[in-house]
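Novice: Each chain, written out:
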Amino acid sequence: MKDISFGQVYPVESPIHRLDARAKLIITITYIVTIFFVDTFVVYGVVAVALLGVILLSRVPLRKVLSSVKVIFFLVVFTFVFTLLFNRGMGPEAEEAAYGYYIEFGPFVICGSGLINAGRLACRLFLLVLGPSLLTFTTTPMDLTAAIEHLLSPLKLLRLPIHELAMMMSLTLRLIPTIMEETEKIMNAQKARGACFDHGNIFKRAAALLPVLIPMFICSLKRAYELADAIDSRCYHGAKGRTKMKVMKYRVPDILAYLFSAALLFAVLVFAYNWWGWSWVAEFAVI
Amino acid sequence: MSVEIKNLSYIYNPKSPFEKRALDGVTLDVEDGDFFGIIGHTGSGKSTLINHLNALTRVQTKPRINENAVLNVCGIDLTAKKPDLKKLREKVGMVFQYPEYQLFADTVAEDVAYGAKNLGVDKDEINVRVHEAIERVGLDYDDVAMRSPFDLSGGQKRRVAIAGVIVMRPELLILDEPTAGLDPKGKKDILELIRAVKRTCPTVVMVSHNMDEVAEYCNKVAVFEEGKVMGVFTPDKLFAERELIKSLGLELPTVTELAAYLAESGVNVDPSTLTEAGLESQLIAYAKNIKNNAE
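Order-wise, the sequence lines are chains S and G. Read left to right, the first sequence gives residues 1 to 287 (the numbering used here). Read left to right, the second sequence gives residues 1001 to 1295 (the numbering used here).
Rather than coming from a laboratory, the hints here were simulated on the basis of the structure. Among the hints, erroneous ones may be present.
Selected chain G positions facing chain S (Cβ under 8 Å, derived; list incomplete) [to be verified]: (1) I1065; (2) Y1114; (3) G1115; (4) I1290.
Within a straight-line C-alpha distance of at most 20 Å, the following computed SDA-like cross-link-like pairs (lysine to any residue) qualify [to be verified]: (5) G:K1091 with S:G194; (6) G:K1086 with S:G200; (7) S:K185 with G:K1228; (8) G:K1086 with G:E1125; (9) S:K191 with G:G1181; (10) S:K64 with G:P1014; (11) S:K185 with G:G1154; (12) S:K222 with G:G1181; (13) S:K222 with S:M180; (14) S:K191 with S:R174; (15) G:K1062 with S:L209; (16) G:K1082 with S:N188; (17) G:K1291 with G:S1265; (18) G:K1091 with S:N188; (19) G:K1087 with G:N1072; (20) G:K1020 with S:E181; (21) G:K1020 with G:P1063; (22) S:K222 with G:D1151; (23) G:K1087 with S:C196; (24) S:K185 with G:T1057; (25) G:K1228 with G:K1082; (26) S:K222 with S:L171; (27) G:K1086 with S:L209; (28) G:K1185 with G:K1228; (29) G:K1020 with S:E184; (30) S:K244 with S:M180; (31) S:K185 with G:K1062.
Glycine included, every Cβ here is placed at the ideal spot set by N, Cα and C.
Based on the provided sequences and hints, a complete structural model is requested.
Specialist: Put into structure tokens, the structure is as follows:
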């Protein structure tokens, strides 16, 4: 359980780690939007190279970042196979003419457009996961929450309790590792009493988990009460009149990062729509 | 021999910035009948070691650091790929730190029975064992058996948790700081209870921060420092080695400290006395001596 890599900050010094969390969050969102405008392999390649550059700059080992793809690997394979088998492309004659093959068996079809579409979907899914995972590798949950609070602060005008939501979020994130540790301890204690969590059918397994779940609930409730007392005893009263210890401030690298992400989005849009009718763009981005 | 360990190592998060060598070539033997103490600072590898004894942590094979390691517990070879875990857990009872957190059942009797049930003991036998275990930890069966474990006091909860382990009738009982978080009387009660339990469970391994406990109850003590065993001593030898104790940042038992202070100020007592009873008898003898001299 200690090996879960998702959402764990990789603690090294790098320009990416030092970027303002707000900038990183907005850039990540921009990046996700960007990916949805990409529709050819060549442009996926361009985005991948840009991402690779950022990963190298962040000094998080490539292998570590790539390992976050493991979580969705099954999903990618699943999507790939289904897109491949059910996509009928432009119909038998046109496909035959364009790619030279059109194989039909039962309800399934394998054709050129299907293969290309499936490949694109796989690329899109991989890139979609890699970007945000880099965000969590380089940004602490605390910074991320502060960034979210800052970016959502306009909603305060609508009387939404943004500060309280952010507080809840940071408490939740903070307690995930603690609760995982606790779970492991209790599981070990019950295993030492002969419990077995990986035998029998699903009902038996669920029943076997009861001796873990009940102590967990009790611990969590107890901790929540204690936390509430600790917060109360320090005179916490919500957002009103509260100042920040770390005031977030944009610096030159943050502006550069914004420009870089905007440039990437712009380039992708040019490839997608070819507004000026450049012939090299049309040729460049065929597949 | 109950436990035989040779050259055992363990690394947390290998090949990452969080890499930590928790055990570094540990070699230890625990004989049948020992009351074996393990002392050392937080993070010195004590807990990792005892988790190995119950196969909750398996002998690490990747990276290759344990190629000549030996880990033999109650005659079961734990370096094997698939040791008989059920048999192991029947033989080795483990009481974790703050064991009261493991309580879950509706009644004390049900909770205590859990371990025996998992072993597949038959129903009548379970009832006998549960009754016996609850009485053995110093609780009144008729009073507590049908109550919810969550209604009990802290000390009672801990007793119930210990009963839940000894109901399995282990040959080797491992305790990880059994007295943590208890008041002085609670501590003493739990330790006396362990001493009583030891009559039926011959070998006990106890991790502790408290030198008083170790001096009073253990017959052998292993000192841990940064994943290494600094040595295995009898308590009187260990606490006679003042330099070692000091260099490891450990303390002397309160009694020994008092005895040393008295000896220094001219009272005729052995400065390395380890038990309260021992110091008491020496002081009585000393007082009588003075009285006789005065007469």
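Novice: None of the hints should be skipped; say for each whether it holds.
Specialist: Each hint tested on the structure:
Annotation: I1065 of chain G was flagged as interfacial toward chain S, and the flag is violated, the nearest CB pair being 18 Å apart, outside 8 Å. The interface hint given for Y1114 of chain G is met, as the beta carbon of that residue sits about 6 Å from the closest beta carbon of chain S, less than 8 Å. For G1115 of chain G, the suggested interface contact is upheld, since its CB lies about 4 Å from the closest CB of chain S, less than 8 Å. A hinted interface residue such as I1290 of chain G counts as satisfied when its beta carbon comes closer than 8 Å to some beta carbon of chain S; here the least separation is about 54 Å, so the hint is violated.
Using a Cα cut-off of 20 Å, the hinted pair K1091 of chain G and G194 of chain S holds, with the two alpha carbons roughly 11 Å apart. Distance restraint check for K1086 of chain G and G200 of chain S: the Cα-Cα separation of roughly 15 Å lies within the 20 Å cut-off, and the hinted pair is therefore satisfied. Our distance criterion of 20 Å between C-alpha atoms is broken by K185 of chain S and K1228 of chain G, whose separation comes to about 24 Å. Under the criterion of a C-alpha separation no larger than 20 Å, the hint pairing K1086 of chain G with E1125 of chain G is consistent with the structure, at around 18 Å.
Annotation: proposed proximity of K191 of chain S to G1181 of chain G is violated, straight-line Cα distance about 24 Å (limit 20 Å). Of the pairs offered as hints, the one joining K64 of chain S and P1014 of chain G holds, with about 13 Å between alpha carbons and a cut-off of 20 Å not exceeded. At roughly 19 Å between alpha-carbon atoms, K185 of chain S and G1154 of chain G fall within 20 Å of each other, so this suggested pair holds. Restraint check: the Cα-Cα separation between K222 of chain S and G1181 of chain G comes to about 16 Å, which is no more than 20 Å; the hinted pair holds.
Between K222 of chain S and M180 of chain S the CA atoms are separated by roughly 16 Å; this keeps the pair inside 20 Å, and the hint holds. For the proposed pair K191 of chain S and R174 of chain S, the alpha carbon gap of about 27 Å is over 20 Å, so the pair is violated. About 29 Å separates the Cα atoms of K1062 of chain G and L209 of chain S, which puts this hinted pair outside 20 Å; it is violated. For the given pair, K1082 of chain G sits about 18 Å from N188 of chain S by alpha-carbon distance, which is consistent with the 20 Å threshold.
Between K1291 of chain G and S1265 of chain G the alpha-carbon distance is near 19 Å, which keeps this suggested pair within the 20 Å criterion. Restraint check for K1091 of chain G and N188 of chain S: the C-alpha separation of about 16 Å stays at or below 20 Å, so the hint holds. As the CA atoms of K1087 of chain G and N1072 of chain G are separated by approximately 13 Å, the hinted pair is consistent with the 20 Å bound. Proposed proximity of K1020 of chain G and E181 of chain S is supported: the alpha carbons are some 17 Å apart, at most 20 Å.
A threshold of 20 Å between alpha carbons decides the hint, and for K1020 of chain G with P1063 of chain G the separation of about 13 Å falls inside it, so the pair holds. The suggested pairing of K222 of chain S with D1151 of chain G holds, with an alpha-carbon distance near 14 Å, which does not exceed 20 Å. Using a Cα cut-off of 20 Å, the hinted pair K1087 of chain G and C196 of chain S holds, with the two alpha carbons roughly 13 Å apart. A threshold of 20 Å between alpha carbons decides the hint, and for K185 of chain S with T1057 of chain G the separation of about 12 Å falls inside it, so the pair holds.
At most 20 Å may separate the alpha-carbon atoms for a hinted pair to count; K1228 of chain G and K1082 of chain G exceed this at roughly 27 Å. In summary, the hint linking K222 of chain S to L171 of chain S is supported, as the alpha carbons are separated by about 15 Å, within the 20 Å threshold. For the given pair, K1086 of chain G sits about 18 Å from L209 of chain S by alpha-carbon distance, which is consistent with the 20 Å threshold. At roughly 33 Å between alpha-carbon atoms, K1185 of chain G and K1228 of chain G are farther apart than 20 Å, so this suggested pair is violated.
A distance of roughly 19 Å separates the Cα atoms of K1020 of chain G and E184 of chain S; the hinted pair therefore holds under the 20 Å criterion. Distance hint between K244 of chain S and M180 of chain S is unfulfilled; the C-alpha atoms sit about 30 Å from each other, more than 20 Å. Straight-line distance between C-alpha atoms of K185 of chain S and K1062 of chain G comes to about 23 Å, which puts the hinted pair past the 20 Å bound.
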